[in-house]
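*Asks:* Starting from the structure of chain G, add chain W where the hints point.
Here the protein sequences line up with chains G and W, keeping their order.
For the first sequence, position 83 matches number 83 in my numbering, and the numbering has no gaps at all.
With positions in the second sequence counted from 1, the corresponding number in my numbering is that position plus 1000.
Please note that the accuracy of each hint is not assured.
Straight line, CA to CA, 27 Å or less: simulated DSS-like cross-link-like pairs of lysine-lysine [unchecked claim]:
1) W/K1185 to G/K51
2) W/K1161 to G/K96
3) W/K1185 to G/K50
4) W/K1441 to W/K1103
5) W/K1492 to W/K1052
Everything labelled a hint here was simulated from the structure, so no lab data went into it.
Since this is a predicted model, take the numbers as computed values, not measurements.
For reference, the chains in residue letters:
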Amino acid sequence: MESLMMILIGVLVTVGTYLVLSRNLIRVILGTAVLSHAVHLLILTVGGLKKGAVPILSQSQGPFTDALPQALILTAIVISFATTAFLLVLAYRTYKTNGSDDLQELRGMSDE
Amino acid sequence: MNNLLVLPLIIPIITAVVLVFLREQILLQRVISFLTMIFISIISFLLLNIVKTDGIIRLDFSGWLPPFGILFVADSFSILLVLTASILTTICLLYAFSTIGNKHEKMFFYPFVLFLIAGVNGSFLTGDIFNLFVCFEVMLLASYVLVALGGGRRQLRESLKYVLINVVASWMFLIALAFLYGTVKTLNMAHIAVRVAEVGQDSLLTTVAILLLIVFSLKAGLLLFFWLPGSYSVPPTVVQALFAALLTKVGIYALIRTFTLMFPLNQDVTHTIIGIMAGITLVLGCMGALSGRDIYTIATYNVIIGVGFILIGLAVGTEIALTGAIYYIIHDMLAKALLFLLIGMMFYVSGGETIVKKMSGLITNYPLFGWIYFLVMLALAGIPPLSGFMGKVLIGQGAIEAESYVLLALGFASSIIVLYSLLRIFLASFFGETTISFEDKKPIPKGAYVSFILLALSIVFVGVGAESLAVYVKDAAKTLMNPSIYIDAILKG
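Only chain G is shown next, with the shape it has when bound in the complex (with noise of 0.2 Å):
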């Protein structure tokens, strides 16, 4: 199970790097957001797929799963989501100002 779940890891790693190397904002966006779920998925791989009970210690003798994957991947999708959404918003403001979501453009244009 954890290697097939590796090898999804690789592929959406894969899929974000080739969104964040392209010229469209948007899709840099979108590539960010894969990323952060690929290694979502690898902090809960790497912490143990399921193999114990439920950690709670009235409900069962254990050998408990270790939920600590799980709150640091709880943390680490809600500042994705934050950081997602002001990306978002810095992206729409940036093609309202210089009018063009076109990295490479964006980069040869005149400051005023």
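*Replies:* Just chain W now, with coordinates in the frame of chain G:
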């Protein structure tokens, strides 16, 4: 256990949230944010003295004992940086009051400065590496807003790059954390140190360490500084000063913490790489500073040279060198903030001119302003008795001890380049015939003068009063050199 420890993080966050509701009351916003920063400075000073008498203190959130819960740890190193950052932000706020303008103030400028300082203080104080990631993100999100606030064409373009670079860096941070957790099954920094020592720092852990090195180098501007000159030159002056003073230093702090506490075992690989990176950073930074024609390029490349110089201290890794590095970080925070404030003021009084050669004779109209620039130039070049001297001497002494003469030579050659690049501004822009007649000259706001003078005084104090800081700095370096002090305070206390 000491509940004071959480205040440098929580107070700015609470006040920032309150300030959001006071959007229209600018005067109230100013007063509250200023008092908050003064309060935090006092708290950090108290904490510094508590650490001095009682040793390392920690705060386990909701009573979860380490290594299970998240905790805040204050040793002399982190609390010294918290104190410097808080004092510096207080002074920068004074500058902001008179220069930032109504538009920024109404667009939540002060709340975001407070969020930024909350993230910075949190990063310095946390004892849990995932919490370090969270505090980094708090700081970065605030910095994203601050760098984009204002919304000029160039500003938006540069902030887009800044944000994207940092998003990718944070992503790599998470990857490093995932592998670290998968290998050592803990996130508490002290506990990681213990586990790494138990299993030995094998190639997998060294790879994780190098991944962390890349992440923190991106934040600190060590070698991977390609994003820095662009994004540091677009926001308003006071934001530039805060960024130059705080953001890169947080990266440096994380680097020093990682490679003295958690991964100190494979120094042949990690410290050699840091040394090479620091050397190249110095060379490239000097080239940038020499080739710059406008004041912003010269100033931003000076930030990069500073980063390279501090990390010589880490690469060399002796106790004296680390003492020097700590002195130099404190100096660099103050001096770079002042440099950027002065450069921004030059831009303002010369009516939007950035090219060095097109400005002339500023010192005739603004004598005090000119002499403060002269002072900060000497401090950055490391002339005694100003603040840069102590750090340079000690880092140099450490480099001689460790026989890394190449780094030593590069470090001191860079001081000369720093002096030259800043002296060029001084000679061309401050001396000479004035181009602005006495009647047309724009007055420098009083608040700005007060902040210049306060920063200049603190630079002089760090230089002249180096002896009074020595107790704290030596203790900080001792803890860095002997990670067991830190580990025992957390896991056995």
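*Asks:* Just pull the numbers of the violated hints for me, sorted ascending.
*Replies:* none
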